[in-house]
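**Q** The primary structure of each chain is shown beneath.
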Amino acid sequence: MTKYAFYPGCSLESGGIEYGMSSQAVAEALGIDFLEVPDWNCCGASSAHMTDHLLSLALPARIMALAETLPVTEIIAPCAACHARFAAVEYELGRDEELKQKVNSLLERPYTGKVKLRYFIDVFSNPETLKEIENKVKKSLKGLKVACYYGCLFVKPPKIMKYIDDPENPQSMDNIIRALGAEPVPWPYKTECCGASLGVTSEDQCTKLCNDILRIARDSGADCIAAACPLCQANLDMRQVTVEKKYGISYRMPIPFFTQLIGLALGLNPVSLGFKKLFVDPAGMLKKVGVA
Amino acid sequence: MGEVNLSQVLDQNRSFVDRVIAESGQDIRQCYQCAKCSGGCPGSTAMDYPPNQIIRMLMLGMKDKVLKSQTIWACMGCNTCTTRCIRNIEVASVMDTLRQEAVKAGYTDKAASVISFNESFLWTVRNFGRLFEAGMAMMNNTKTGNFMKDMQFGLPLMLKGKASMFPHRIKGRRELKNIFEKTCGGGK
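Same order as they appear, the protein sequences are chains A and B.
Residues in the first sequence are numbered consecutively from 1, following my numbering.
Residues in the second sequence are numbered consecutively from 1, following my numbering.
Certain hints may be false.
[Stated by the list, open to error] Distance condition first, Cα-Cα at most 25 Å in a straight line; then the derived PhoX-like pairs of lysine-lysine:
id, chain 1, residue 1, chain 2, residue 2
1, B, K36, A, K208
2, A, K102, B, K182
3, B, K149, A, K246
4, B, K182, A, K100
5, A, K277, B, K149
6, B, K171, A, K114
7, A, K208, B, K149
8, A, K100, A, K162
9, B, K177, A, K100
10, A, K208, B, K110
If you're looking for bench data, these hints aren't it; they were derived computationally from the structure.
Looking at chain A on its own, in the form it has when it is part of the complex (with noise of 0.2 Å):
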């Protein structure tokens, strides 16, 4: 069986708890075991990094020096922000030794970097497991078009993210959405940033950017946007109301999460997978794929 540390992170238990649900839900239904952080702690998001450096590394560090208490080899972060920062946690502390003393000084278990960060989309989108999805595949979604949307600190910048996926057009999810039998509209806005750190501060800037991922999807055929970020789901589902105030447009576009497809496909109950925790309702989605 494949283990992975796994880290929900704050948003997968609250924002984005359907991102948890469902990944959760997925990965039994596939035989992968996500193992979870014991105590872990709140990976300072962009917060700690505009505020300072080394509080920036120390936090995640911290739940990287726990998840070498399981027995894996390989942490996954579905959030796309926590991820960023164990990503520069291995960057940078894996180039500068005086750094990472200091980081583990603070540190009551040391992080040694044995355990190394695992991209989240690439847990269902390598060969082996894409085949095993396929296969388990039990209500086609033929005919659903998906705009797939990776955000950007999944794969910018790629020097540090140093994975799979192009940070211009990435693929991964793309891939997963086809062997759903679904279809991945081509689009130029998978990796445009949607603002969601300043939502709460600048929230003008913020609409602006969801208002052009929405208009750019609809306007390329999409049924829904595929998110793989809690921070963009939220930001593109809940945001939607103050998108028509300002714009008026009304898109009703559902932002479902990625693992909220594969799970619908492989015949799970959508209640299980979290689709009544979506803002914008998607019933019209899920008729398009003949689960009511």
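Please build the complex by placing chain B on the supplied structure of chain A, with the hints as guidance.
**A** Relative to chain A, chain B alone:
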């Protein structure tokens, strides 16, 4: 921008420029002003100087103008500039360093809302170990005096089971407090 005596300014602020280079780990002197960073920047419409100009102003030692700019607070850290920089400069990391420098130097007029958000966010992390959204929102609204801010989201989030009334407290809270105390002086 008015008249600026560049060589004099650079001499006065050389230590500042050196510190930004050291803290960010980015040799901004490699920049040859192709402006690719600004071309792709999703935040540029909300900025007073595009990112490439900030880098040039830094090279010229224009500390005050850079730290007082709207640009450093309109940057969302999406790393598009870093990804595309042909001279291998992590522009977004430079912006992080500039925000930290601006707070240290007290240039906070244009950033009151961002700073109060960050302080509220980190306060909950320092005390509970994890983010506590409701507590953060209340603290942030009290700090900014904008009591009803984002209230339209609060109730729907609660009804969907997406926001808790109570914080989750981790066991390692003392370790976390220690991390905060030894890095940013405990956070405010």
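**Q** Could you run down the list of hints and mark each one as holding or not?
**A** Here is what the structure says about each hint:
{"no.": "1", "hint": "B:K36 <-> A:K208", "result": "22 Å, holds"}
{"no.": "2", "hint": "A:K102 <-> B:K182", "result": "11 Å, holds"}
{"no.": "3", "hint": "B:K149 <-> A:K246", "result": "17 Å, holds"}
{"no.": "4", "hint": "B:K182 <-> A:K100", "result": "15 Å, holds"}
{"no.": "5", "hint": "A:K277 <-> B:K149", "result": "23 Å, holds"}
{"no.": "6", "hint": "B:K171 <-> A:K114", "result": "24 Å, holds"}
{"no.": "7", "hint": "A:K208 <-> B:K149", "result": "19 Å, holds"}
{"no.": "8", "hint": "A:K100 <-> A:K162", "result": "20 Å, holds"}
{"no.": "9", "hint": "B:K177 <-> A:K100", "result": "20 Å, holds"}
{"no.": "10", "hint": "A:K208 <-> B:K110", "result": "20 Å, holds"}
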